[in-house]
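Taken in sequence, the protein lines are chains A and B. All residue numbers for the first sequence refer to the numbering used here, where the first residue is 924 and numbers rise by one. All residue numbers for the second sequence refer to the numbering used here, where the first residue is 17 and numbers rise by one.
Keep in mind that the hints were calculated from the coordinates and are not lab data. Be a bit skeptical, because a hint or two may be false.
Quick look at which bits of chain B chain A covers, simulated, 3 or more residues with Cβ under 8 Å [claimed, not checked]:
# : stretch
1 : 206-220
2 : 382-388
Simulated crosslink set (SDA-like; lysine to any residue; CA at most 25 Å straight-line) [stated by the list, open to error]:
#  : chain 1 : residue 1 : chain 2 : residue 2
3  : A       : K1007     : A       : V944
4  : B       : K59       : A       : K997
5  : A       : K1058     : B       : K62
6  : A       : K1058     : B       : K149
7  : A       : K997      : B       : S264
8  : B       : K62       : A       : F1062
9  : B       : K62       : A       : R1136
10 : B       : K62       : A       : F1065
11 : B       : K149      : B       : E124
12 : B       : K132      : B       : N166
13 : A       : K1167     : A       : E1145
Ideal placement from N, C-alpha and C gives every residue a C-beta, glycine not left out.
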Amino acid sequence: MWQYFLRRFIYMLFTVWIISVITFAVIQLPPGDYVTTMVSQMIQSGMDDLPPDFEAQIRAQYGLDQPMYVQYGKWLRNIVVEGKFGYSYIYRRDAKDIILERLPVSFAISAFSVLFVWIVALPIGIYSAVKQYSKADYFVTFVGFIGLAIPNFLFALILMFISYRYMDRAMIGLFSQEYETAPWSLAKFIDLVKHLWIPVIIIGTAGTAGLIRTMRANLLDELNKPYVDTARSKGLPERVLLWKYPVRHALNPFVSTIGWILPSLIAGELIVSIVLNLPTTGPVVYNALLDQDMYVAAGIILILSTLTVLGTFISDLLLALLDPRLRLQ
Amino acid sequence: MDVTLHDTTPEYDSPLGGNLPAAETEDELRLEVATQWQLMWWKFRKHKLAMFSAGIIILYYLVAIFAEFFAPWERTQYIADYVYAPPQPIHFFADGKLDLHVKALKFERDPQSFKKIWEIDEENKIDVGFFVKGADYKVGLHWLPIPYINDLYFTTDRHFFGAKDPTQPMYLMGADKSGRDVLSRLIYSTRISLSVGLVGVVISLILGIVLGGLSGLIGGWVDNVVQRMIEIVMSVPDLPIMLAIAASVPLDWSVERVYFIITILIALRSWTGLARVVRSKFLSLREDDFILAARLDGTPQRRLIFRHMLPSFYSHIIASLTLALPGMILGETALSFLGLGLRPPAVSWGVMLQETQRVAVLALYPWLLWPAVAVIIIVLAFNFLGDGLRDAADPY
């Protein structure tokens, strides 16, 4: 068990490291950097008496003149050792503060989405397996297919249109106006929950549909096995029988799917937040990418990716706890 | 009594079911000599939804190939007066006779905001017909960059349908912000949106087969490295990194280069699944009797792979590819929608949807959402088709 745990942990660290390299490399891709943009803006606004080495000076000030691997090393060291994510050129603040402001909301939405997926998919999956080929089963399968086919951002657009048309208010934002800038309080939290269900449904639908199908297929496999007949012939009530053995068995992939649902949930949260303009990391990273505010973009991408990998790691551990066979491998 | 006790005609629901009666009717002989592909076709044919979806997909691709013919308007054609003109409903009858037409549009200025208020002009009708004359276009191989071969084309001005008088406005799905016909642009969009998926599939097919094949055939440390690589790629949330790469594409790049980059990007996220299928197939085939027999016969490795192993799971590959296509189409749509993918003058469903990002636009001009409907239909169709193909992939 410990060996398994340790091996998974090392894989996780390795994955996070690879992600940090990719992130940093990708952020450096665009030609020029923030200083180029800044200087060209200054020249456009009439400041044409800049000293010839002005650009180089600014670059040296921000450490942008050093080779790429030195910059990468510094960046990673600051994050790991001091928890600093660098400086935001656009906001003129620490990137960490901006990230910390937005991250909890992103995290809350993703966590609620996972809960939503589980709570909805479990009973429906079981029901449609037990009542295979019933009308309800066909209905669920059909709705599931549509749920899988409609991408998050289109779903968001359609809901936005419907809410605007028929409910006279656009479902954008996460807070009512009076709470938008207010400090955190119970009332603000309640207001948040009132708005939260919309993005949660949008983000969770595809995952729910996928999980219902998995759950149904798994349970159907189990229900045809001889041990179920044995239990039934012992006179075990149908409900006890169902919950005690096949459902528990079918739950295994349920936990493991969290591993692959998580990346799509994070991605979904990102794109839905951009469409609905939610105060999460989505719009910030989007604008940071467009404006080459590299430390903010890199920080958010790294944190989101790490959280995803961490989630997968936890689901692997849970799976090992649930299924002894995996531990022995 | 007329009851026949020995009914000699065997009954079976599925020609592919396991326990066939021993009686040798013509049908069964047919089954026994049928090739693998015939069996698959017979099984696939029974999946009604998949057949229907296949029809829809063929229709989409026909529209994409002959976009100039199907679109009543040219891609960039516009009427400046008709900015955001609403859709004109199509009428089939006039005065009790069959007469295809739309009603003309007229507008009044709002006295305060000076905005146009559109109304249907009941008096003026615009005749609509099939195979009408419109703008000139070329059909053939003129787009190939090969001399002489690209002379093989002809020019025509016939369009599948449209206003009989091409100067008359006909907006079946309304107009966009420059007074262009949404329907025509939707038809042109299918070309890019659908081909992105195909090119992406080819790229991920190559990656998946090469890496999955190496992993499954060689095994050992190669397998280990490839498996770790796949795990990492799968656990990285792809969207942020895709956004980052897409955002770094310089603004002055040509449409073709952007198209190429976007296609590679969306292909990079879907090769892992295919590599896994290929690997597991190779692993299990390696132990199979017929492979062992071929190897003992002295078959060289190359022939073993391409003649014996690969053909036995072509069908699985096709099914996985079909299921990967909708993800690619959606990937392009999402990137372009966010303004990080293809850019005008290229026109794809995502590019068309860009306008709807602002809720005010969406609320006032809901017909701009039509591309979303087109996307959802094709994605559903690919999913159903992939499902049917997967079921048919193993006909025994």
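Evaluated hints:
With 0 residues having a Cβ less than 8 Å from any Cβ of chain A, the stretch 206-220 of chain B misses the three-residue criterion, and the hint is violated. Coverage of the stretch 382-388 of chain B by chain A holds [criterion: at least 3 residues with CB-CB distance below 8 Å; count 3]. Of the supplied pair hints, the one linking K1007 (chain A) and V944 (chain A) holds, its CA atoms being roughly 17 Å apart against a limit of 25 Å. Distance restraint check for K59 (chain B) and K997 (chain A): the Cα-Cα separation of roughly 60 Å exceeds the 25 Å cut-off, and the hinted pair is therefore not satisfied.
Of the supplied pair hints, the one linking K1058 (chain A) and K62 (chain B) holds, its CA atoms being roughly 21 Å apart against a limit of 25 Å. The straight-line distance between the Cα atoms of K1058 (chain A) and K149 (chain B) is roughly 50 Å, outside the 25 Å bound, and the hint therefore fails. Distance restraint check for K997 (chain A) and S264 (chain B): the Cα-Cα separation of roughly 23 Å lies within the 25 Å cut-off, and the hinted pair is therefore satisfied. Restraint check: the Cα-Cα separation between K62 (chain B) and F1062 (chain A) comes to about 21 Å, which is no more than 25 Å; the hinted pair holds.
At most 25 Å may separate the alpha-carbon atoms for a hinted pair to count; K62 (chain B) and R1136 (chain A) meet this at roughly 22 Å. With a C-alpha separation of about 19 Å, the suggested pairing of K62 (chain B) with F1065 (chain A) holds against the 25 Å cut-off. For the suggested pair K149 (chain B) and E124 (chain B), the alpha carbons sit about 31 Å apart, so the restraint of at most 25 Å is broken. At most 25 Å may separate the alpha-carbon atoms for a hinted pair to count; K132 (chain B) and N166 (chain B) exceed this at roughly 46 Å.
With a C-alpha separation of about 12 Å, the suggested pairing of K1167 (chain A) with E1145 (chain A) holds against the 25 Å cut-off.
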